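Enquirer: If you want the building blocks of each chain, they are given just below.
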Amino acid sequence: MKPLTIVDLYCGAGGFSLGFHLASPHHQLSLAIDNNNWALRTYETNFPSAITLNRDVTYLHSMEILKELNGKQVDIILAGPPCEAFSSANVNRKRTDYDRLYSDATGRNMLHTIRLISDLNPSYFIIENVQQVASKNMQTYIRREFSKSGYSKIHFNMLEALNVGVASARRRVFISNVEFPPIQEEKEITTVQHVLSGLSESQSSFNCLNHEEVPLPHKLAKKIPRTPPNGALIYFPGSGRRTFRNYIRLDSQTNAPTVMGKSRFIHPFLHRLCTVREHARLMSFPDSFSFAGPIVSQFNQVGESVPPQLSKWIANYLTKKTH
Amino acid sequence: MSTQNLLITLHNTHSSNTVKLFANTVVNFPHLCKNLIFSKITSSAASMGIPDAQKIILGSENPGSLFFFSDIQDIIEALNPDKIYLLAPKRFGQKLVLFSDIIQEIKEQKVLVVVGGSPSGLTRKELDLGECIFLEESIKDLNPVASTAIFLYGLSKQISE
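Top line first, the protein sequences correspond to chains A and B.
Oh and the first sequence: position 273 is 273 in my numbering, straight run, nothing missing.
Throughout, my numbering is defined as the position within the second sequence, counted from one, plus 1000.
Just chain A, same shape as in the assembly (with noise of 0.2 Å):
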């Protein structure tokens, strides 16, 4: 059987890209674009066969993808645009779905994607972004714009990483040419603690790609004994008046909650915050996914992944399909 070419949009760390890669042989990680150097970094280590390209999608042309393939038919498109436009953690997001989509900078890399998937014409296309995207009015807009590019069906599959066995919570939706059936609940959730079981736990002794204590502020450090389990040490206003948490100990007999580019987490047993690598496994990632970078990127790549178990899921389903 032939292999599927797979290109990447904002593939970020890959996260997307791994669970096809996990799922199945014949998906042929071909082309990863982004253009954050320390996720490409991490691309590139993660999967060296594939070819990276630095750059802003916004000023990519279709062409110069196909000429990266050397004219080879793209087969699966992923997509992870830029979620700040639309997301409900921004305090500043646009008033309306329409100004999120058209005239905000951020918003209107979802635009580009469709842009480049009309050029590109792929079998199969999956955009995952935030669930505010699932709107009524912004499912309108979309449909519009790819319904001009030829494509008059297309679903908002809204999927829930908690039911694939990750054990942080996580809906989005994922925009796609294809249905995507409800995923069957586990009968278990994965908690905190087995995901956590196994690493290190002593300060002295990390022993793991990315186990390295995180520092903080004295100020916060000094506050943690006192944390109880779900409690936070910093609260910050996002968009409509609510309230988000930051600086969460964990529950180690429950799920984590979503983990994003900022989050930092207290560890459920110990007086200190959670590693990358901690994060990474509260997000499905195997412990052989090394993150390249600073800090703060590092955590950065893995909030702002897909978790690979919930790709693999979609990886899974597209090809029993395209059997």
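No lab work stands behind these hints, which were simulated from the structure alone.
Please note that a few of the clues may not be correct.
[What the hints assert, rightly or not] Taking lysine-lysine and the DSSO-like style, the derived pairs with C-alpha atoms no more than 30 Å apart in a straight line are:
id, chain 1, residue 1, chain 2, residue 2
1, A, Lys148, B, Lys1083
2, B, Lys1020, A, Lys148
3, A, Lys153, A, Lys94
[Claimed, not checked] Cβ pair distances, simulated, as ranges:
id, chain 1, residue 1, chain 2, residue 2, range
4, A, Thr243, B, Pro1063, 51 to 57 Å
5, B, Lys1140, A, Lys321, 39 to 45 Å
6, B, Lys1125, A, His26, 25 to 31 Å
7, B, Asp1071, A, Lys262, 38 to 44 Å
8, A, Ile51, B, Gln1109, 42 to 48 Å
9, A, Pro3, B, Glu1131, 32 to 38 Å
10, B, Leu1096, A, Ile51, 27 to 33 Å
11, A, Gly198, B, Asp1071, 54 to 60 Å
12, B, Asp1071, A, Asp99, 50 to 56 Å
13, A, Tyr235, B, Asp1071, 28 to 34 Å
14, B, Asp1071, A, Gln139, 16 to 22 Å
Keep in mind that this is a model prediction, so the values were computed, not measured.
The beta carbon of each residue, even a glycine, is placed where N, CA and C say it ideally should be.
Fit chain B to the given chain A structure using the hints.
Expert: Leaving out everything else, chain B in the frame of chain A:
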């Protein structure tokens, strides 16, 4: 030569400033084209740029009309041009622009020239709608207003020669 025959179009921009500058550029060549045509204009380009462009064209020496379409296909359907050119950077353009040929064409035919307003230019599907031309071997990537100015100046110079 009829100034109605050259249909120069700015396609796909969200920048009100680009719309305004494009309008200013085109009205400076009243002997070449009379009308302003826009397609797929979104965001502030639609809400602020188009009214500004309207004001510019009405205030020009030889006021023409402003046309506002949702896509290039709609322009083709509505204005029915005989020839379609898409102005693109050299790496996508198939043919160097020949001003003398275009001057000959606009004497008798309706010629649509589309300039891409998006940072990535015109898409592959859009480039397939007509003949893809580039301005100069040495020019790499220019913004749409500069490309329009060079294109119209080239035609203008050809007429005066």
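Enquirer: For every hint, state whether the structure bears it out.
Expert: Here's how the hints hold up against the structure:
no. : hint                             : verdict
1   : A:Lys148 / B:Lys1083             : 23 Å, holds
2   : B:Lys1020 / A:Lys148             : 26 Å, holds
3   : A:Lys153 / A:Lys94               : 28 Å, holds
4   : A:Thr243 / B:Pro1063: 51 to 57 Å : 56 Å, holds
5   : B:Lys1140 / A:Lys321: 39 to 45 Å : 43 Å, holds
6   : B:Lys1125 / A:His26: 25 to 31 Å  : 29 Å, holds
7   : B:Asp1071 / A:Lys262: 38 to 44 Å : 40 Å, holds
8   : A:Ile51 / B:Gln1109: 42 to 48 Å  : 44 Å, holds
9   : A:Pro3 / B:Glu1131: 32 to 38 Å   : 37 Å, holds
10  : B:Leu1096 / A:Ile51: 27 to 33 Å  : 31 Å, holds
11  : A:Gly198 / B:Asp1071: 54 to 60 Å : 56 Å, holds
12  : B:Asp1071 / A:Asp99: 50 to 56 Å  : 21 Å, violated
13  : A:Tyr235 / B:Asp1071: 28 to 34 Å : 47 Å, violated
14  : B:Asp1071 / A:Gln139: 16 to 22 Å : 21 Å, holds
Violated hints, listed in ascending order, are 12 and 13; each of the other numbered hints is respected by the structure.
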